[in-house]
Amino acid sequence: MKLTLWTYEGPPHIGAMRIATAMQGVHYVLHAPQGDTYADLLFTMIERRDRRPPVTYTTFQARDLGSDTAELFKTTAREAYERFQPEALLVGASCTAELIQDDPGGLTAALGLPIPVVPLELPAYQKKENWGAAETFYQVVRTLAGPLAPPPGTARAARDPARRPRCNILGPTALGFRHRDDVVEITKLLATLGIDVAVVAPAGARPADIARLGEADFNVVLYPEVAMQAAKWLTRMFGQPATTVVPLGVGATRDFVREVAQLAGVDPTPALGEDATRLPWYSRSVDSTYLTGKRVFIFGDATHAVAAARIAAEEFGFTVVGLGTYSREFAREVRAAAEKYGIEALITDDYLEVESAVAALHPELVLGTQMERHIAKRLGVPCAVISAPVHVQDFPARYAPQMGYEGANVVFDTWVHPLMMGLEEHLITMFREDFEFHDGAAASHLGTVAARAPSAALADVQASRPAPQLAAVTASAPTAAAAAATPATIGWDAEAEKELQKIPFFVRGKARRNTERYAAENGVATITVGTLYDAKAHFGR
Amino acid sequence: MSAASEFVPLQQLRSERGQRAVFCGLTGIIWLHRKIQDAFFLVVGSRTCAHLIQSAAGVMIFAEPRFATAIIDDRDLAGLADANDELDRVVTQLLERRPDIRLLFLVGSCPSEVIKLDLSRAATRLSKSFEPRVRIRNYSGSGIETTFTQGEDACLAALAPTLPVTAEKSLLVVGALPDVVEDQFRRLFAALGIGPVNFFPPRRSTELPPVGPGTRFLLAQPFLADTARALGERGAVQIPAPFPLGAEGTTAWLQAAATEWHVEPGRFAAVTGPGHERAQRSLSRHRDQLAGKRVFFFPDSQLEVPLARFLSRELGMQLTEVGTPYLHREHLAPELALLPEGTKVVEGQHVDNQLDRCRAERPDIVVCGLGLANPLEAEGLTTKWSIELVFTPIHGYEQAGDLAELFARPLNRRLRLAV
Numbered sequence: 055m056k057l058t059l060w061t062y063e064g065p066p067h068i069g070a071m072r073i074a075t076a077m078q079g080v081h082y083v084l085h086a087p088q089g090d091t092y093a094d095l096l097f098t099m100i101e102r103r104d105r106r107p108p109v110t111y112t113t114f115q116a117r118d119l120g121s122d123t124a125e126l127f128k129t130t131a132r133e134a135y136e137r138f139q140p141e142a143l144l145v146g147a148s149c150t151a152e153l154i155q156d157d158p159g160g161l162t163a164a165l166g167l168p169i170p171v172v173p174l175e176l177p178a179y180q181k182k183e184n185w186g187a188a189e190t191f192y193q194v195v196r197t198l199a200g201p202l203a204p205p206p207g208t209a210r211a212a213r214d215p216a217r218r219p220r221c222n223i224l225g226p227t228a229l230g231f232r233h234r235d236d237v238v239e240i241t242k243l244l245a246t247l248g249i250d251v252a253v254v255a256p257a258g259a260r261p262a263d264i265a266r267l268g269e270a271d272f273n274v275v276l277y278p279e280v281a282m283q284a285a286k287w288l289t290r291m292f293g294q295p296a297t298t299v300v301p302l303g304v305g306a307t308r309d310f311v312r313e314v315a316q317l318a319g320v321d322p323t324p325a326l327g328e329d330a331t332r333l334p335w336y337s338r339s340v341d342s343t344y345l346t347g348k349r350v351f352i353f354g355d356a357t358h359a360v361a362a363a364r365i366a367a368e369e370f371g372f373t374v375v376g377l378g379t380y381s382r383e384f385a386r387e388v389r390a391a392a393e394k395y396g397i398e399a400l401i402t403d404d405y406l407e408v409e410s411a412v413a414a415l416h417p418e419l420v421l422g423t424q425m426e427r428h429i430a431k432r433l434g435v436p437c438a439v440i441s442a443p444v445h446v447q448d449f450p451a452r453y454a455p456q457m458g459y460e461g462a463n464v465v466f467d468t469w470v471h472p473l474m475m476g477l478e479e480h481l482i483t484m485f486r487e488d489f490e491f492h493d494g495a496a497a498s499h500l501g502t503v504a505a506r507a508p509s510a511a512l513a514d515v516q517a518s519r520p521a522p523q524l525a526a527v528t529a530s531a532p533t534a535a536a537a538a539a540t541p542a543t544i545g546w547d548a549e550a551e552k553e554l555q556k557i558p559f560f561v562r563g564k565a566r567r568n569t570e571r572y573a574a575e576n577g578v579a580t581i582t583v584g585t586l587y588d589a590k591a592h593f594g595r
Numbered sequence: 002m003s004a005a006s007e008f009v010p011l012q013q014l015r016s017e018r019g020q021r022a023v024f025c026g027l028t029g030i031i032w033l034h035r036k037i038q039d040a041f042f043l044v045v046g047s048r049t050c051a052h053l054i055q056s057a058a059g060v061m062i063f064a065e066p067r068f069a070t071a072i073i074d075d076r077d078l079a080g081l082a083d084a085n086d087e088l089d090r091v092v093t094q095l096l097e098r099r100p101d102i103r104l105l106f107l108v109g110s111c112p113s114e115v116i117k118l119d120l121s122r123a124a125t126r127l128s129k130s131f132e133p134r135v136r137i138r139n140y141s142g143s144g145i146e147t148t149f150t151q152g153e154d155a156c157l158a159a160l161a162p163t164l165p166v167t168a169e170k171s172l173l174v175v176g177a178l179p180d181v182v183e184d185q186f187r188r189l190f191a192a193l194g195i196g197p198v199n200f201f202p203p204r205r206s207t208e209l210p211p212v213g214p215g216t217r218f219l220l221a222q223p224f225l226a227d228t229a230r231a232l233g234e235r236g237a238v239q240i241p242a243p244f245p246l247g248a249e250g251t252t253a254w255l256q257a258a259a260t261e262w263h264v265e266p267g268r269f270a271a272v273t274g275p276g277h278e279r280a281q282r283s284l285s286r287h288r289d290q291l292a293g294k295r296v297f298f299f300p301d302s303q304l305e306v307p308l309a310r311f312l313s314r315e316l317g318m319q320l321t322e323v324g325t326p327y328l329h330r331e332h333l334a335p336e337l338a339l340l341p342e343g344t345k346v347v348e349g350q351h352v353d354n355q356l357d358r359c360r361a362e363r364p365d366i367v368v369c370g371l372g373l374a375n376p377l378e379a380e381g382l383t384t385k386w387s388i389e390l391v392f393t394p395i396h397g398y399e400q401a402g403d404l405a406e407l408f409a410r411p412l413n414r415r416l417r418l419a420v
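In order, the protein sequences belong to chains A and B. Start counting at 1 in the first sequence, then tack on 54, and there's your number in our numbering. Start counting at 1 in the second sequence, then tack on 1, and there's your number in our numbering.
Incorrect hints may have been included.
Claimed, not checked - Where chain A lies over chain B, by a calculated footprint (3+ residues, C-beta under 8 Å):
hint : stretch
1    : 44–53
2    : 70–79
3    : 85–97
4    : 114–128
5    : 157–165
6    : 188–194
7    : 292–304
Keep in mind that the hints were calculated from the coordinates and are not lab data. Note that CB positions come from ideal geometry on N, CA and C, so glycine has one too.
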């Protein structure tokens, strides 16, 4: 048993629903109690889908458990087939139905329906949503494309040079983080290289499209969490190579272009133009000097977290102080990436663990999921969202891909937006303690967030003025770790306290905390001006 | 109650079975944890349970919530870990983390019911370790036993046997109401000379209302069958009444208590008159827009019958179908009596058949859950999310206009939009 306040992923049958809902012409019959139908609203509300997910639930109740839930499943499956006339049927159980062991696959086989049936075994007490999506997509591909696979050992025929190269795009699902726009952007990118897209799957694909996946020359794996397993099977069965680079960020997009060009046997140059994206110049322009060395904490699914770390380090000049994922299936990849930045990866699905990591690392920017957005909000740290789990805000009306060159532009804006601009930061230093521009005035870019109450540590010296946003942030982080680092026995002498007030307010909280930490570590009971500058020298970068 | 058999035949009442598109009882935690401010709700269930509450709570991640899930994993199922030991460990961890908690509910779920994890024994066992600092109770919010608002019923029914004893004649208002509504009712009862008045559930677990043979109780919500029975077992007597929705419903509800307390008609009129008049005035602002409009209810919260009564009698709307997950014949008898003759009331659900009927009716407004609302809007129907009717203050005189506005706004939106 595990105590869980918030979860990053739903149960595996939600992953199956993301596949079924993304596709056309399929229906999913789910053996599940009433209440599990809440899952519909994820799609109709968060993603604003205009149709119900193609899912029929048996919604058994306690009284059914005494009679025949298997019969209920069969009736439900038969009626769903008759009403929705799908071209393929997925069947499976949610967590509760798994316990009553009715075997939806066997029961459906007994119905003798004239369409392919994909039985799904998704162990709800071991696995989670992304695993469920990957497994479902793999089973769909295996069932529908399997019969068309050539005999084992058959060499793949070379492409007829008269025909343009073509690939499949694998991975986009319903409820995916910007999948809708990523597919458009990558399709455009492939077109500039003269590569056609045969099938996009699962999003938008019909069962007949899945059946012809083997016809393409290679596969583009956009979301490894969902499509890696199916792509590996396609490589094995059809001899189709698959891409390994995910085109998130300028560098990765260029690597991706070179990879697909090589797989397709075309010239990469048309898609490597310097003017394809504004990010490189924006990052080199002087205003971005303020970005240099900013400490970022990154958490998300493995693909987006690893990509964000590369973008942060190479394309913004940030310092990556934390990198983690809730995707245990890809822990190895994330650990390897973290090593590059000289840090240890945080592999966890425990929200509280992530929160204490953020608090302890006191980053200047958090790049995370909607969960980290709340953590950052509580700690007062700016945050941008880079990954699922999704929120209604992650489905913007405008075109906002994350991938490819336009994706890099979107990422630049998204990450910079929560921060102060360079010139802005400069002016704050110039005007500090100006009577109209003081630390009690909330920073305009933080919008409606009101100035917070001073922390206990600040209360004595700052009782007369509200604590500033950014300083309060760093100073009032309500964590056990922070509290432990500043035992109540450490005091400030009046001179040091006065000197502290001369430090610009938006870094004052950090200076206070660092000095107290330094004092604690060095057994200093009373902080003097000397201690303050010793600490500055010690922590200075 | 004989009233029920007298009135029900006037309605076309039938039940149907099939796929239900409703929440389970766990969802009640969303408002119960806001109401009882020192209570914590620990669901013993699966990742699905955790995901449900988080998705239903959606936008409410402001502070550390006072609910969580002890997620059962394969080790618990395979017997590798003793589920009771595991639960003790999780509860200890939780209570160490949250020393402010005074009342802990162990909330049963579908999986915990199916594996027959005895949470009432667990609650008794854990109480020995943690009382008096923390009381530990249990109830089931499982989808195989409860639908949406029945979770509140199960929660209150679990508390009822532990309420303090009183012999005094007192009024108990039963069902979670927003604090602001509670305070309005408190003022009205005081002005009527009815008292002492207690509300159940209370805002803090240390303020549990006393109950006994002198207790008369009014239900504020129509979904409290088990709670009413449990209070009956404590000797309390229910005052039958329509529910306090709209001007008419609120007056009738107050009148039922006033009659029990022998409040003079003149005093009753003087006390309730201004509120009643204000409510009618605020309703009149929406009547032009709503009168004659045809409304269709999908089953959701069991509030459907009282709401239908309010919409038809106070706003002149026409009822095409009133779906409700359960219909408590006795508690709803006074409401059913007020529905127009021949109203089609459907208990239970077969969602696909019901959608067919709804499309055929082409109502002006459909009251339905979040899973159905956008798909129906996309088909050109106007919808009202039913969950808002549970989360928003709608009871009493001062909220009557707000309640009408909840129905007027979707129609208004459709009129304004030119895209």
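Hints and how they fare:
1. 44–53: holds (count 7)
2. 70–79: holds (count 8)
3. 85–97: holds (count 6)
4. 114–128: n = 3 at 8 Å, threshold three: holds.
5. 157–165: That given contact is violated, which follows from only 0 residues of the stretch 157–165 of chain B lying within Cβ reach (below 8 Å) of chain A.
6. 188–194: Answer violated; 0 residues pass the 8 Å Cβ test.
7. 292–304: violated (count 0)
Going down the numbered hints, you'll see the structure goes against 5, 6 and 7, while the others check out.
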